[in-house]
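Whole structure, please, built from the sequences with the hints as guidance.
4 protein chains.
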Amino acid sequence: MEKDMLIDKLSKFSVEVPSWGFARSGTRFHSFHIPGEARTLNEKIEDAGIVAKLTGAVSSVAIHIPWDKSDDYEHLKKMAREVDLKIGAVNPNLFQEEEYLFGSLSNSDSAIRRKAIDHCLECIDIMKKTDSKALSLWLPDGSNYPGQTNMVKAFERLIESLKEIYIAMDDDMLLLIEYKFFEPAFYHTVLSDWGTAMLASNKLGERAKILVDLGHHPQGTNIEYIVGLASMEGKLGGFHFNSRKYADDDLTVGSMNPYELFLIFVQLNEFFDLSNNEVSLVIDQSHNVKSKIKAMIQSVTNLQKTYARSLLVDYEALEEARNGNDVVSAEEILKRAFESDVREIMSDMRSARSLPENPLEEFSRKFEGKLISKRG
Amino acid sequence: MEKDMLIDKLSKFSVEVPSWGFARSGTRFHSFHIPGEARTLNEKIEDAGIVAKLTGAVSSVAIHIPWDKSDDYEHLKKMAREVDLKIGAVNPNLFQEEEYLFGSLSNSDSAIRRKAIDHCLECIDIMKKTDSKALSLWLPDGSNYPGQTNMVKAFERLIESLKEIYIAMDDDMLLLIEYKFFEPAFYHTVLSDWGTAMLASNKLGERAKILVDLGHHPQGTNIEYIVGLASMEGKLGGFHFNSRKYADDDLTVGSMNPYELFLIFVQLNEFFDLSNNEVSLVIDQSHNVKSKIKAMIQSVTNLQKTYARSLLVDYEALEEARNGNDVVSAEEILKRAFESDVREIMSDMRSARSLPENPLEEFSRKFEGKLISKRG
Amino acid sequence: MEKDMLIDKLSKFSVEVPSWGFARSGTRFHSFHIPGEARTLNEKIEDAGIVAKLTGAVSSVAIHIPWDKSDDYEHLKKMAREVDLKIGAVNPNLFQEEEYLFGSLSNSDSAIRRKAIDHCLECIDIMKKTDSKALSLWLPDGSNYPGQTNMVKAFERLIESLKEIYIAMDDDMLLLIEYKFFEPAFYHTVLSDWGTAMLASNKLGERAKILVDLGHHPQGTNIEYIVGLASMEGKLGGFHFNSRKYADDDLTVGSMNPYELFLIFVQLNEFFDLSNNEVSLVIDQSHNVKSKIKAMIQSVTNLQKTYARSLLVDYEALEEARNGNDVVSAEEILKRAFESDVREIMSDMRSARSLPENPLEEFSRKFEGKLISKRG
Amino acid sequence: MEKDMLIDKLSKFSVEVPSWGFARSGTRFHSFHIPGEARTLNEKIEDAGIVAKLTGAVSSVAIHIPWDKSDDYEHLKKMAREVDLKIGAVNPNLFQEEEYLFGSLSNSDSAIRRKAIDHCLECIDIMKKTDSKALSLWLPDGSNYPGQTNMVKAFERLIESLKEIYIAMDDDMLLLIEYKFFEPAFYHTVLSDWGTAMLASNKLGERAKILVDLGHHPQGTNIEYIVGLASMEGKLGGFHFNSRKYADDDLTVGSMNPYELFLIFVQLNEFFDLSNNEVSLVIDQSHNVKSKIKAMIQSVTNLQKTYARSLLVDYEALEEARNGNDVVSAEEILKRAFESDVREIMSDMRSARSLPENPLEEFSRKFEGKLISKRG
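So the sequence lines, in the order shown, correspond to chains A, B, C and D.
Following our numbering, the numbering of the first sequence begins with 2 at its first residue and continues without gaps.
Following our numbering, the numbering of the second sequence begins with 2 at its first residue and continues without gaps.
Following our numbering, the numbering of the third sequence begins with 2 at its first residue and continues without gaps.
Following our numbering, the numbering of the fourth sequence begins with 2 at its first residue and continues without gaps.
No lab work stands behind these hints, which were simulated from the structure alone.
You may find that some hints are simply not true.
For identical chains, the list gives no copy identity; a pair is met inside one copy or between any two copies.
[Unchecked claim] Pairs of lysine-lysine residues, derived as BS3-like cross-links and limited to a Cα-Cα distance of at most 27 Å, are as follows:
# : residue 1 : residue 2
1 : Lys154    : Lys204
2 : Lys204    : Lys236
3 : Lys87     : Lys367
4 : Lys164    : Lys236
5 : Lys164    : Lys204
6 : Lys236    : Lys154
7 : Lys371    : Lys78
8 : Lys79     : Lys134
Nothing here was measured: the structure is a model prediction, and the numbers come from that model.
Set out below in structure tokens:
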């Protein structure tokens, strides 16, 4: 790819950050206080704005209801607009109410399903008020012990619930169905893999798509292949970017296996123009030991650099090598792009857009102290 | 369940054994000679007959082409009939020809795909000649390195190939599509999980179903849930029974986690009457250190005992406990059935049918010595 | 084994329950309220007493400092004594203070190490006051990102800290060193496997032993082999019993793979007389969806039944089969014991000791309602 | 690091290639013919020489007995010398004789242990004749089923066997003890992890060290930590380099997670000067679909590039960031080095030593055709 076009594409590339990524989070053992972390919705939007300003690659902020519930969504939109952001996906919370002990949308009790559906309908209402176009559904439902749940009936109840939600959505809204291998349920999870998410999505309609969270698969899973097949089927809705070494560790994206992340982008480029916002690229992480904002800057930057590297792949030569079963050449073509130093490209892109050369340092210099002294 | 009915169901329960389970096999490091192992097709059928005779629970023998290719399939049927067996699933071999280095039905070279399709058509022909009703397809296709294969196109080529095969099958024949997490391919496998197998099956038609091999999943996978969902969709075609601790270890079924096997049977009972041959229950193992026939007797017996235990579940009470979210009671209902000593039931069933009380001992006493002295 | 001796051994078999197993717990997403759960130290001891009374197989209760800190340990001992219990292992808490964000006993800051050491010394003091003989150390220390910590130096700092703790212990006290594959740290864990725990233990002395938690290993790990080797080395200190399907799920012991639990007991019997309290057998679970007391009754009962089954193994015949490399017979000997219905033995043991025939039902009938109405 | 010093270190860096990496290999399903593969010992040495000549970073070739057994080891040394190579580690083969069905050095039959010990003594003899300084022991011993083996006794028998071998070695020879999670044994492996290898090594003496094969760990294992602890203990003997996504896939080193490989080198640099041959760096791979020589060139080159990147780490700044618990900076210091384009450095090093600029292309141009036409 020509350098100009590469810089142009890189300039247009943007991702979504999660409001909850700026607030306190932790493990089941403890949530440590990280200096400067956001305490309110306002502060979360402020932080998202800082990351957007410093990286030039954030277009929207995902919100979580009820954590980000507001009396005045016009004000929320305005706050976001002031830092050049839109409201992105709306995320219902189906795991924190006592009623959901045995599940939410798949609960065997219709009154609890009702409550969960109503919460989703409320979220759709918030979507309308915030011009959000995606309902991003992660379902914690599952069971901890064999026997506890009739697993097939739970799936059927989920579909019944989802149909009501799906119908309530506008034609230009997407229902993103996330799957997860395990946790918080430890024996069975209703939406446990891309197969279950596809099954659900197929039963709903074309505006229901699957969402791939990089931390939600068994060890060794070839995620890029799932991405490819879902794309082929027109069913890839988006991502929750993060990284992990063990389970759903929610670490900074690209921190554990940057090559795997690159391979996912290579696969995406075969279907989408990512500079065009064709797929929902959302970061979903839980920063337990790092400065929340720095971790988010790292995440956005890692995604930018990975995208840049993926654009350096000579796709024509790759296809040719594949057709000749030249395994070594095909691999080397990928490796060549991956091993390229994209710092100059990043630097050129940044200076062309008057972005700081080093967002992390800029944050430390201009923002960090103030935020910590203000927030503690 | 009443004891009489239980014994009746247990009496009718039968499984399919694989011809290759009686012959030499091993790991990539070595295939050790096991005394008495079968060397010819005749000997494999003979051995299957011994297991059938001793356990009373084998109705058919799966064959593998070309390993079990014959000039005279009438003779093969007759041999099988003489030991009260039918020919079960026909298994094409798509992994041993040099042409398949880069894949068979999904190869980018149409001539190689042709060869692989033709081999499957040949197998369908053999099915007709042997009255077999299932083509059991395991596809080794995949790639070892990122870049090597355009994974999505490989899947599309596979579908194209399968369509030709599917069309050639009679209306009462099933195409069983097996998936596998990895091996022999180490980066990507074309049919890698139940999601890919379902996708393929959906693109073909209702006579294409998925086949679940217990050793082909990532660690921790809730296989019984996959079994349930596939059953719900009318897409469960059958099983390859074995056990594993690590990867596709192909150990005796029930040898590593007998409770998991029991849970699979509990799930099956909610959809099928297994005494009625409604699902294809095939053993697929590779016995590297045990006497082949003894290992097969253990396998059949383990399946019988597991089926018996699964019939002891009080399904009505289970459903009631579930509906009341009584996790402990639901679990205890399963545990009570699992922990039951079914030896008396097995013994009653065996004596009612004049089967030997202890098939393993009977084999040692009456057959083992002769086979070893004949075959070495 | 003769039935009398078996019942005698089973009668003497007892385990330790954890105070925290009766109180609220959950996942990082939420801790649900379970009706009747204990809210105070008194209630935890009361609950442990109920489980002891109903199962006849609990001799002590492990405590967690500061959760179970008391102004009057004489009173605590008295409370325990009243329900026929002793105070078991004392567990320091090194994961909930803000200072421990970057580690406790291995922290690079000597003041924080000091604080952590002092906490352990305080626990040793509590051991003396409560006649406890085991300091049970689980260390959350580790790091989330490559680079974060000099891993080797952290290990060396840990050893330095442990030496000070070890020296402060009486000659009849044990330091139990627990290891864990991951969580709460997601890149590296200072005590990550039995190899690191052995290394630490060897550097301290013979009263430092390793503690095996069944949920702290990579998938597929042969835990019984670790148990065997540590026993051979005189380094097996004890267990944290629980079960898991995925990670450290902290489910009821025996709920996921009861055969694996049986194999661990078979291995233990080759080194210890478990009816003699030679190894510390502690339950460590986090019951998120079950009644805490019922889950604990299930756990104790599962351990009793597993111990009974393991006593049914014909160890002499097993050794003979092994020496003859008779794989099938050796396996069948184990299976025969495992598949035995031990309910009659349990029943005989219970009636001989005037224990309730069905502890779960007895609890429901006599205790559950009162506890729920008292505690909510 | 100054560029000159970096190039100097990179110039001196060299690894060992395995003779068997040039010959046919495969999976348990099939070993495909790869054009140009070596068929004889001579051809393997020739191929090792080609890789050495093209990369400038191979100093020795590991041999496998009996595969590389020779009547004339003087001739073997001479052949090697002619292509500027030494004979590296000697690898006994304890997995291909029929006697080893139930184990070799740990077999319960003393006659079979004798045979296995004698084979190792023979290998030590070959070491003397070939000036090899390392006996590289990989033990396949283990069991497939619970009960099959008394695991602890098998370990004790292994130690007894190893003591005899250890004593027979010269003072300047190392015994490298390799461990493996599983395969070919599927229930238990005698040397299954670094803990078992350390235990064995400690029972032997200081010339017994552990060997880390990158494909022999459970998923998620932090290998660099094992490397660090073994180094701290003076027990790190060397590596078998390869890569994997699933199990022991034996893929090209660096092909699946190049960042993990980098982290291992970073850890190594904290203990060793790798330009000085202080640790045995051996490639151990099984190339099933790639040209054997090309795969080896890729492997050596990947190791060189990874070493170069690891030298770019600012270790002083890293230690400072660690001491200040500056997680983000510490991580960025590693990332900066990893993401550096080392192609210029590689190029400078190559031109300074008159090595071909692109070893893969040079091989294709000058060698590949000839080898294929000669060998088929």
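Here is how each hint holds up against the structure:
Taking the closest pair of Cα atoms, Lys154 and Lys204 come within 27 Å of each other both inside a single copy (15 Å) and across two copies (25 Å). For the homomeric pair Lys204 and Lys236, the shortest alpha-carbon distances inside one copy (12 Å) and between copies (15 Å) are both at most 27 Å. Proximity of Lys87 to Lys367 under the C-alpha cut-off of 27 Å is restricted to the intra-copy arrangement: shortest distance 24 Å within a copy versus 58 Å between copies. Taking the shortest Cα distances, Lys164 and Lys236 sit within 27 Å of each other both inside one copy (17 Å) and across copies (23 Å).
For a Cα distance limit of 27 Å, the shortest separation of Lys164 from Lys204 qualifies both inside one copy, at 8 Å, and across copies, at 24 Å. In this assembly of identical chains, Lys236 and Lys154 lie within 27 Å of each other by CA distance both inside one copy and across copies; the values are 24 Å within and 17 Å between. For the identical chains of this complex, Lys371 and Lys78 are intra-copy neighbours only, at 25 Å inside a copy versus 52 Å across copies, given an alpha-carbon limit of 27 Å. For a Cα distance limit of 27 Å, the shortest separation of Lys79 from Lys134 inside one copy, 17 Å, qualifies, whereas the shortest one across copies, 63 Å, does not.
The structure fails none of the hints (numbered hints given earlier).
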